[in-house]
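K.L.:
One letter stands for each residue in the lines below.
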Amino acid sequence: MDLNYTDEEKAFREEVRRFLAEKLPKELRDKVAGSDGDTLTKADMERWHGILNAQGWLVPNWPKKFGGAEWNAVQKHIFEEEAAAADAPRIVPFGFSMLAPVLHKFGSQEQNDYWLPRMLNGDDWWCQGYSEPGAGSDLASLKTTAVKNEAGTHYVVNGQKTWTTLGQHANMIFCLVRTNKDVKQQEGISFLLIDMNTPGIEVRPIILLDGVHEVNEVWFTDVEVPVENLVGEENKGWTYAKYLLTHERTNIAGVGFSQAGLNTVKRLAKSEIANGKPLIQNPHYAARVAQVEIDLKAMATTNMRIISKAAGGGTPGIEASMLKVKGTIIRQEINDLARRAAGVYAMPFASEAVDGSNAGLPDPLGAGPVAAKYFNNRKLSIFGGSNEIQRGIIAKVSMGG
Amino acid sequence: MNFELTEERQMLQDTLRRFLRDRYDTATRNTILDSETGMSGEIWNELAELGVIGALFTEEQGGFGGKGFDLAVVFEELGRAGVVEPVLDTAVLAGGLVADLGNETQAALVEEIIAGGCQMAFAHGEPRSRYDLNLVQTSAKADGDNIVLNGHKAVVINAEAADHLVISARESGEPGDEAGISLFLVPADTKGITVQGYALLAGGRAAEVMLDDVTVPASARLGKAGGVFGAIEARTAAASVAQCAETLGAMETATALTKDYLMTRKQFGRPIGTFQALAHRMSDLLIEMEQARSAVINAAGHLEGDRKTREVNVSATKNLMGRAGRLVAEDSIQMHGGIAMTQEYELAHIAKRIIMSDHRFGDTDHHLERFIALAAA
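Protein sequences, first through last, are from chains X and C. Take our numbering: the last position of the first sequence gets the number 744, and nothing is skipped along the way. Take our numbering: the last position of the second sequence gets the number 1389, and nothing is skipped along the way.
Hints are computed from structural coordinates only; laboratory data are not their basis. Fair warning: there could be bad hints in the mix.
What the hints assert, rightly or not - Here are the simulated distance ranges between beta carbons:
| hint | chain 1 | residue 1 | chain 2 | residue 2 | range |
| --- | --- | --- | --- | --- | --- |
| 1 | X | 548 | C | 1026 | 31 to 41 Å |
| 2 | C | 1356 | X | 739 | 33 to 43 Å |
| 3 | C | 1289 | X | 619 | 21 to 31 Å |
| 4 | X | 372 | C | 1271 | 41 to 51 Å |
To be verified - Covered stretches of chain C (in silico footprint by chain X; criterion: 3 or more residues with CB under 8 Å from a CB of chain X, positions within the stretch not fixed):
| hint | segment |
| --- | --- |
| 5 | 1033-1043 |
| 6 | 1206-1216 |
| 7 | 1354-1362 |
Every residue, glycine too, gets a C-beta built ideally from N, C-alpha and C.
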């Protein structure tokens, strides 16, 4: 046991820090610091992807033969921690860390040769077509169908996907579709790559409760998809989907985001005066901040333990589910503490402009839209397999079900 | 003990509930939320016609209610329907202060308020006052027969729509002193008042109100010079009772929506409410709902009591409602899943009303500390 980073890892951290200090544009950093990235445009995100790609750090998880850096789990963790601390935009994960690993493992040579360079160059923006209105936690019950045409050249896709994150920016979507209705649900699903510009696709925005447009509904009406866009084998899509979900759950603990959030909470609570003293001296509030910090310290170590295991080649199992549950509880608690710190000034609606003034919303603490963030991050315990689903997995696996 | 509503209050509750069910559905409210004023003049007039505003004033003040349980009955229904119109600000806070403290000329406004013809706002909080009622830095200085006001009032709800503002300002003493604070009833278009408005996350609008050499006659003073802190505290107590009842109503809606959803939404071939993990959480919400209802009754029932009894109960109730409200809002969203995260769905607005109520008149932590201090005193 050694809780210290190795000299190599420390040097790597320094390298990441230097890179972020030199290459992260101030405009992007300000947007992330001010609104947790909600105001980043497509161009902003693509700009950051381009900067990382030039450095060779856009897809650190990829094998070298596909142009990746093959960072180990500890290096990835260090990067994520430093990036969060520096208020760097998040890397949009759908192509780089969700679809790509599926293509690496199950895609054809042609698919890898064609799609991966396009992904790196920013030619394609990918989104994920998994959930449907009737298939959320019970994803395998999905109903969007893909039927091969008579000539055998295309699948014809009909149905509806929902909660498609940043689908408004995307030109490509990877979808789970039903190709066989007559077998067990999980055995009739296929994995298709669909061009969003194909006739018959309609994207409708869903506005979330904090006024933000980040998710969409995607409707498919007789959409023709070339059979070459099937990944792997027909009716094996569920296997690929599960493989993808294990990648979706890496960095699920969000340690870096929690640490950055906790720093904000402390800064706010030091400057806000409550009952004549800084809020951080309010014993009840201070106790809650300390409590979540204690939890976060332990979770960071849990995270490192699991990461070290993964660095040694093991694949995380229920530990990923555990990190998802604990990680979201901690992040949501920090969001709650942040909105509390803002006091009365948590009430203004950050998506709205102020009348009669060129200034932004009143924000004497520089807190930013902390209440909007609190509401928005209720999603953390819902998406990517709700915390109830994760608890079900933990129970089933650990109790030998 | 008797926990039944009087016949009059029962009638008022039934009428108001029916009216809002018919006239204030999700689509109507979302249109109001998107509008420039953030409120509906039509709904406002209809509420006045129904006697909803009159029920918030005592008979001596020209109304037919005004007690804690009158406020609780009205606001529980407003909360149930997620009403964003500024009844609390116009009638309970600013209107209430005018009714409590006004001279004959000033008090004449109450009749207009009850008829629905006058909007009001209470400009009291300041950028650094947080939830403390005594931290008033805005100054009131005599200038011959006039008084000159200077300062910055923060997050003044309904300031843009208000015909009159009730403004607090310090005539003597230091920020933090209870003595020395005065109130002024001022037409909103008085020279030197700048209103910078914005929408609120939970609906309605507020503004930063800048007072720049606002000159008013001494007759604008509401109540005794430098001696109105007690009145402000008492009105804030009434507003807290109203707000807690409103939150209770919103929590009723949240739990009702959740119960329905759990029994209709199917995953894995069965209603999700049949999964024990969710069923038990629903039960916990229902248990907390009973706690919340009793807490509101405690605060409403002691509103006319002596100061200490009243304030101990206000703080106890605000603390409990903050905790129970958070549980109900968060768990209702969680048990719904993604659908509750969308602006279109009723619960999204209701959950925001519940959570944001903890950011007004003091949050759970503020009232926990205050409860300890009051109980020890």
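K.L.:
Against each hint, give a clear statement of whether it holds in the structure.
P.N.:
Here is what the structure says about each hint:
1. 548/X x 1026/C: 31 to 41 Å: At roughly 40 Å between Cβ atoms, residue 1026/C and residue 548/X fall inside 31 to 41 Å, so the hint holds.
2. 1356/C x 739/X: 33 to 43 Å: The hint (33 to 43 Å, Cβ to Cβ) holds, given that residue 1356/C and residue 739/X are roughly 35 Å apart.
3. 1289/C x 619/X: 21 to 31 Å: The hint (21 to 31 Å, Cβ to Cβ) is violated, given that residue 1289/C and residue 619/X are roughly 44 Å apart.
4. 372/X x 1271/C: 41 to 51 Å: 45 Å, holds
5. 1033-1043: violated (count 0)
6. 1206-1216: Since three or more residues must qualify, the claim that chain X covers the segment 1206-1216 of chain C holds, with 9 doing so at under 8 Å.
7. 1354-1362: With 5 residues close enough to chain X, the hint holds.
Checked against the numbered hints given earlier, the structure breaks hints 3, 5 and satisfies all the rest.
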